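Chemist: Read off the chains here:
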Amino acid sequence: MSGATGTGTTMREAFVATAGHLLDEDPRVAVVLAAISADVFADAARRHPDRVIDVGIREQLLVGVAGGMALTGMRPIAHTYAPFLVERPFEQVKLDLGHQGVGAVLVSVGASYDWAAGGRTHHAPGDVALLDTLPGWTVHVPGHPDEVVDLLRRAARTDDRVYLRLTNDGNARAHPVGAGFQVLRTGRRAVVVAVGPVLDRVLAATARLDVTVLYASTVRPFDAVGLRAAVLAADRADVVLVEPYLAGTSTHAVAEALADVPHRVRALGVRRDVELRGYGEPADHDAAHGLDVAGIAARIHAFTRA
Amino acid sequence: MTTATQFGYADLPRLLARLGGDEKHDRTALSTLDVLWVLYDRVLAVRPDRLDDPERDRFLLSKGHSPKAYYAVLAAKGFLRPEQLDGWTGFASALGGHPDRTLIPAAEIASGSLGHGLPLGVGTALGLRAQHRRGPRVVVLVGDGELDEGSNHEAIALAGRLGLDRLTVVVVDNSSATHGWPGGIATRFVVEDWATRTVPGHDHDALHEALTSEHPGRPLAVVATTEPARRSA
Numbered sequence: 001m002s003g004a005t006g007t008g009t010t011m012r013e014a015f016v017a018t019a020g021h022l023l024d025e026d027p028r029v030a031v032v033l034a035a036i037s038a039d040v041f042a043d044a045a046r047r048h049p050d051r052v053i054d055v056g057i058r059e060q061l062l063v064g065v066a067g068g069m070a071l072t073g074m075r076p077i078a079h080t081y082a083p084f085l086v087e088r089p090f091e092q093v094k095l096d097l098g099h100q101g102v103g104a105v106l107v108s109v110g111a112s113y114d115w116a117a118g119g120r121t122h123h124a125p126g127d128v129a130l131l132d133t134l135p136g137w138t139v140h141v142p143g144h145p146d147e148v149v150d151l152l153r154r155a156a157r158t159d160d161r162v163y164l165r166l167t168n169d170g171n172a173r174a175h176p177v178g179a180g181f182q183v184l185r186t187g188r189r190a191v192v193v194a195v196g197p198v199l200d201r202v203l204a205a206t207a208r209l210d211v212t213v214l215y216a217s218t219v220r221p222f223d224a225v226g227l228r229a230a231v232l233a234a235d236r237a238d239v240v241l242v243e244p245y246l247a248g249t250s251t252h253a254v255a256e257a258l259a260d261v262p263h264r265v266r267a268l269g270v271r272r273d274v275e276l277r278g279y280g281e282p283a284d285h286d287a288a289h290g291l292d293v294a295g296i297a298a299r300i301h302a303f304t305r306a
Numbered sequence: 001m002t003t004a005t006q007f008g009y010a011d012l013p014r015l016l017a018r019l020g021g022d023e024k025h026d027r028t029a030l031s032t033l034d035v036l037w038v039l040y041d042r043v044l045a046v047r048p049d050r051l052d053d054p055e056r057d058r059f060l061l062s063k064g065h066s067p068k069a070y071y072a073v074l075a076a077k078g079f080l081r082p083e084q085l086d087g088w089t090g091f092a093s094a095l096g097g098h099p100d101r102t103l104i105p106a107a108e109i110a111s112g113s114l115g116h117g118l119p120l121g122v123g124t125a126l127g128l129r130a131q132h133r134r135g136p137r138v139v140v141l142v143g144d145g146e147l148d149e150g151s152n153h154e155a156i157a158l159a160g161r162l163g164l165d166r167l168t169v170v171v172v173d174n175s176s177a178t179h180g181w182p183g184g185i186a187t188r189f190v191v192e193d194w195a196t197r198t199v200p201g202h203d204h205d206a207l208h209e210a211l212t213s214e215h216p217g218r219p220l221a222v223v224a225t226t227e228p229a230r231r232s233a
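Going down the list, the protein sequences come from chains P and F. In terms of UniProt numbering, the first sequence has 235 at position 235, counting the first letter as 1, and numbering is strictly consecutive. In terms of UniProt numbering, the second sequence has 88 at position 88, counting the first letter as 1, and numbering is strictly consecutive.
Isolated chain P (complex conformation) (with noise of 0.2 angstroms):
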């Protein structure tokens, strides 16, 4: 099996990858699957059989599996597509992991919309927020295959209830996963957080602003300190956060990190106020919903001269 990273990889065959090189040194992980997916698994579940488990298209079942066996000291990775894997199953990723005290790694595709012309039903922007609502889950939203690598090997080491959110979309190059938001550009005016794959756009819709621009792959928890940090130094306590899924999704946590700094925050994410009933590319939503390099700078553009 080669190694995961590289151009012309996707996150998806990053993750497939990585986990198969897991299930072949760590005797404790597991991949529960439901259907989506199996076939690229086929290779590491012929090698092992016992821990790559296809429970078919059942996603009640696919989170109550990797609830129970990480009841017996395993650690289940469970991957479908984000709307049957956060959603749909959403009372047992609450029930099944968080209230028995143990956790798993979920890993989803799909995104909020990278399956543009499949419509509403496979979109999943509402799937940090969901995941939000539970106390101790770590949520990842990585930018690039390589950075998929890191934070699934650091994840399979915990024990920890980790959300690996994969998409399609993605910058040109990686950046180092870990604790804390990535300093990338300091400035004056602002502090505008990119998460995950927003980023190429949101450095070249600021690249004559003068802001700093934080990057975040890890977002939960929330770098409050390192948020603050970069707040404290600009010249004005304005935050922009631009996050590829629900708009305000971590408002509440900047409001949390500056609750004793004056200070103003412009959310930008995914339109909470209607149903896009459109098909198409995810550029067409990316554009519908603000979040490409136009309609990123000229929301940025207008908060920071008010």
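It should be emphasised that the hints constitute simulated quantities derived from the structure, not laboratory data. Source: prediction; values computed, not measured. Incorrect hints may appear among the rest.
Selected chain P positions facing chain F (Cβ under 7 angstroms, derived; list incomplete) [as the list claims (entries may be wrong)]:
1) D26
2) P49
3) I53
4) Q60
5) G67
6) G68
7) T72
8) L95
9) G101
10) V183
11) L184
Here are the computed distance ranges between Cβ atoms for each label pair [unchecked claim]:
12) E25/P with V191/F: 39 to 45 angstroms
13) T187/F with G73/P: 34 to 40 angstroms
14) L184/P with G90/F: 25 to 31 angstroms
15) G97/F with H122/P: 35 to 41 angstroms
16) G118/P with E55/F: 45 to 51 angstroms
17) D50/P with S213/F: 22 to 28 angstroms
18) P262/P with T178/F: 43 to 49 angstroms
For every residue, glycine included, the Cβ atom is placed at its ideal position computed from N, Cα and C.
With chain P's structure known, arrange chain F on it following the hints.
Modeler: Chain F only, in chain P's frame:
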């Protein structure tokens, strides 16, 4: 090793009384009492002083909404101190209206919302199999009304197809399912290639014989029939 005081079956009414339960007025809650007693008295290989033994049998109470019988049997068998029964469901009590495994070491799962125990049991059986632990049994107790939840049928199908022969489900059937199970509960398991037994739910010897019957290569469903629950108007 500490040895907790052990009680007999005849002591259960006294323990239940500490929970405010008596057989005359609490028939639904106590429909599980004999099954639980037989499991903890004669079937399960689990000890209060060895709750972290990876080779122990696992009992998962899925039907968590009537835990009095469960708590009473746990107390009788030394998994709870009898005084823990007093003041149950109080804010600081470890014993809630639904059991919480993080508060009661003897509880393998936290339950309450129906339809979660059997999928967790399938995962537990798969986790033990992946670790090559062929000894421990996984026994899940569900109610016939609980079987209405579709998640059970996801689990019944998979357990049968994978031949999880260390898994046993006990269905306490007090005819409480809203639309019933025409043809009987056992048929739902038979078509998924489970071994099945249907026995009177208060007959200790019959329960013991069914719960310890051989079922090579297949999971086992034991349907324990009890008096119908009173239907609310």
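Chemist: Sort out which numbered hints this structure fails and list those numbers smallest first.
Modeler: Hints 1, 2, 10, 11, 14 and 18 are the ones this structure does not satisfy, whereas the remaining hints hold.
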